[in-house]
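Here the protein sequences line up with chains A and B, keeping their order.
Sequential numbering from 1 applies to the first sequence in my numbering.
Sequential numbering from 1001 applies to the second sequence in my numbering.
It should be emphasised that the hints constitute simulated quantities derived from the structure, not laboratory data.
Be aware that one or more of the hints could be misleading.
As the list claims (entries may be wrong) - Quick list of in silico lysine-lysine cross-link-like pairs, DSSO-like style, CA-CA up to 27 Å:
#, chain 1, residue 1, chain 2, residue 2
1, B, K1094, A, K288
2, A, K128, A, K144
3, A, K202, B, K1074
4, B, K1074, B, K1107
5, A, K202, B, K1112
6, B, K1012, B, K1065
7, B, K1094, B, K1104
8, B, K1065, B, K1181
9, B, K1094, A, K202
10, A, K288, A, K202
11, B, K1238, B, K1253
12, B, K1008, B, K1203
13, A, K202, B, K1012
14, B, K1094, B, K1065
15, B, K1074, B, K1094
16, B, K1094, B, K1112
17, B, K1104, A, K202
18, B, K1181, B, K1203
In this text, all values refer to a predicted model and were calculated from it rather than measured experimentally.
Here is how the chains run, residue by residue.
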Amino acid sequence: MATQHSRSAARLMMAPAVILLLGWMLVPLTMTLYFSFKKFLPLRGDSLGNGLEWVGLENYSRFVGSSSFWPSVQATLIIVGSVLVITVVLGTLLALLLDQPMWGQGIVRILVITPFFVMPTVSGLVWKNMFMDPINGILAHLFKFFGAQPLEWLSQASMQSIIMIVSWQWLPFATLILLTAIQSLDSEQLEASEMDGAPVLKRFWHIILPHMSRAITVVILIQTIFLLSIFAEIFVTTAGAFGTKTLTYLIFQRVLESQNVGLGSAGGVYAIILANIVAIFLMRIVGKNLDR
Amino acid sequence: MGQIVLNKVQKKFGDVEVIPPLDLTIADGEFAVFVGPSGCGKSTLLRLIAGLEDVTSGSIQIDGKEASDAPPAKRGLAMVFQSYALYPHMSVRKNIAFPLRMAKMDKAEIDKRVTSAASVLNLTDYLDRRPGQLSGGQRQRVAIGRAIVREPSAFLFDEPLSNLDAALRVGMRLEISELHKRLDTTMVYVTHDQVEAMTMADKIVVLQAGVIEQVGSPLELYHTPRNVFVAGFIGSPKMNLIEGALAEQHNAKTIGIRPEHVQVATTQSDGALQGTVGVAEHLGSDTFIHIHGVAGCDPMTVRAAGDVTVRHGDTVYLTPDATQIHRFDNDGIRIP
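Extracted from the complex, chain B is given alone in its bound form:
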């Protein structure tokens, strides 16, 4: 009840091809996250699924039924927008009830659903307020409430957390994940933030310029990125991508090593790379050290323990863990 299949879906705006023909299957109950840099076509892809944009060619199937030509309301999907898109002149109750009223649902049933959605989202005390009187997080919850009362076969989220402050974002992230576990409904989520993608997704779809670079579970993408783009995009801080002599030693155009797979020492040892400390970011639990002077990669980021005390200008020696090196060929494709 919520499988979405894209088959050779293509989208052009005039002569500009935003999304070249693309295949994708999102299984029932899955939490799929589209992630990519801004302008990569992830929002367009979501809008194609929602029906707010028409596909240029190809087909979209929802629950096994052809949906490419169906109007948005008939696709059985609910969407949460980046700006929340609440109706400012209606109370929270009316906002949540709006899709049900449009479906000409029975009044008693509407009340029942609105009440239950409000209690799930902790909105019971705010039902008679206007959206303008709510905080960002509460507005977000109203938008989600308006989506869940329809009991759709899948939820679509378009960068829903980007207007919230950092602390609230972490909280809402958890709430949405929990909602997914409880409702067990397909969710498609668009974000440019790879942390959101890693923490929430069952399946991540990495997009660049409308092309799917890789599809897989968060850890698959983390451990075996298919190409240089995915390697650099997934993971925080970023994977260190090294070119030149060091890479050639490993028979590759580019090698990648994650910050947590590099040992830092202040004393010289065999085969260690020498560098100078630029900035050390002390987070308490970890220390991220940005090191200059390593050939082919400047700066190189390294994760060390929280109690490491290095200062700007110190000379350090780095030993990458040889088993954790990712190798990429001339086309940027992973060498197994």
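This is chain A alone, in the form it adopts within the complex:
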């Protein structure tokens, strides 16, 4: 089959797809790099046609020098970290609960997954208007019912609110992966540990948790990739105000609100670097856990 001839024919036929995919990735990346070294303010008349002024590393130093840079990095890491902790811990507990035999198991499991199907923009708006609204939100009514002053969630507890919304979205994913991990545990191992005199909590700690460690690393890895770039949830709720401006959001503001493409592109490059640093750390941990 695979003669010299047919192989080169195959390469030729695959070429359009490969070139398209490569271009899809490389063109934006090169343009980002290119713009990050240029002064590009579309509202001041800069355009590709007129030629852009080379400014060297000025965009990079301005982006880092801005007073919102470090707070935005901090906000990003806080959101990613908190959501990871919440989803992994609650996901483990929920998975343990869902693993118990119960009536209506199938329906309950499907209901648990549903938040994952809701689009980020929609879930952000639902939380903002139906739950967290200080006048008509369900939480406000709950607070009033107990005689408390309703909290203005998005301004008074903005960070916590965003973390809550994003966790709600990602909890089903974590639960699902961790549930399959628990289900794959050999029941004889649990019985053996029971005979060995391990009470429930120790069985969890010594048998179930180590068995789940691989699934937990996978959850952390995948979620980190997606959480580093959350945007819609912030855009429709706080719009970056009250300390919820993440790195992604800062770049968005630089490009679209300040109309400074060069500065935003430099921020994009920083975001790539940050994502890679995180990825290297994660791959180290994952590598250790996946090798076993």
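Keeping the supplied structure of chain A fixed, place chain B upon it in accordance with the hints.
Same frame as chain A, but now just chain B:
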């Protein structure tokens, strides 16, 4: 220190009665084997003793103490599982030490016991490996090691050799028997393999559909099976069970004759049964000949000397040893 008494023990799963009320006594230091075809309830019975299943009614006494409601860990028993159930993320040392750590034993004492168990089981060189890096036989030994460090009053084995290859199984069988002689502790062993039961047991308990068919020493069961089921189950190759005219000559519904109690000849003699050779299995020491054409039993298996040369299609004449015929009545019960 290890007597197990079952008194009217019954187990139901929902409405299905898996084990009808059953009495059994396993004496201290005894090697008891539960044997029976798959699905006969032997594993369930073992799990009831272990405490992994709750009895529906009746009581289990271990060392004279009521244990039916005690949790598994408090019964002083150790169990070896079919899949070994080793903890994959722990080293062999940690696996063996696990029950002792759970018992909050002194560190020095744990080390001492693990070391001695490892030397008994030839595991000293493997203590720092993970179970995944061991062979089947070694894993089996780790599982046994995890059981013996606890110094339990009885060991429970749930088909421990069924995942091993044939050669290894024979070796492990000997090792477990030797372990029993050395520790002199009660062992309860579940298997579907009657060879394992015959070679290891002090006492065999033959089960069918949750009912005990017969309890006795291997040779008792071999020489005086209580009914047709036990007669057919114990012994390899199987006892020949003959029905019809031949059985009626002996005033029985069914008669049984073991392959080794039938003479084979190639020349006709008085009262011999005629048959045709189907397959002859030459084992060297013996030859098992499967013979077709004997009324009421097809094929009939016969054990002959190793140097017998019969071929497929040969006509042979069979003379059962009249003193070795087992007779069974209409209900399949032995006629003395």
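So, going through the hints one by one against the coordinates:
Note on K1094/B and K288/A: the hinted pairing holds, with a Cα-Cα distance of about 20 Å set against a maximum of 27 Å. Distance check on the hinted pair: K128/A and K144/A sit about 18 Å apart at the alpha-carbon level, within 27 Å; holds. Taken as a hint, the K202/A and K1074/B pair is honoured in the structure, with Cα atoms around 16 Å apart against an allowance of 27 Å. Note on K1074/B and K1107/B: the hinted pairing holds, with a Cα-Cα distance of about 21 Å set against a maximum of 27 Å.
A C-alpha spacing of about 24 Å is found between K202/A and K1112/B, which places the hinted pair at or below 27 Å, so the restraint holds. Taken as a hint, the K1012/B and K1065/B pair is honoured in the structure, with Cα atoms around 24 Å apart against an allowance of 27 Å. For the hint pairing K1094/B with K1104/B, the CA-to-CA distance comes to about 14 Å; that is within 27 Å, so the pair holds. Among the hinted pairs, K1065/B with K1181/B is consistent with the structure: their alpha-carbon atoms are about 25 Å apart, no more than 27 Å.
Distance restraint check for K1094/B and K202/A: the Cα-Cα separation of roughly 15 Å lies within the 27 Å cut-off, and the hinted pair is therefore satisfied. For a cut-off of 27 Å, the pair hint linking K288/A to K202/A stands: about 24 Å separates their Cα positions. Proximity of K1238/B to K1253/B is assessed by CA-CA distance (about 18 Å); at most 27 Å being required, the pair is judged to hold. Taking the CA atoms of K1008/B and K1203/B, the gap is about 20 Å. The hint holds against a cut of 27 Å.
Between K202/A and K1012/B the alpha-carbon distance is near 30 Å, which puts this suggested pair outside the 27 Å criterion. A hinted pair counts as satisfied when its Cα atoms are at most 27 Å apart, and K1094/B with K1065/B does not qualify at roughly 31 Å. The suggested pairing of K1074/B with K1094/B holds, with an alpha-carbon distance near 21 Å, which does not exceed 27 Å. Straight-line distance between C-alpha atoms of K1094/B and K1112/B comes to about 13 Å, which keeps the hinted pair within the 27 Å bound.
Under the criterion of a C-alpha separation no larger than 27 Å, the hint pairing K1104/B with K202/A is consistent with the structure, at around 12 Å. For a cut-off of 27 Å, the pair hint linking K1181/B to K1203/B stands: about 14 Å separates their Cα positions.
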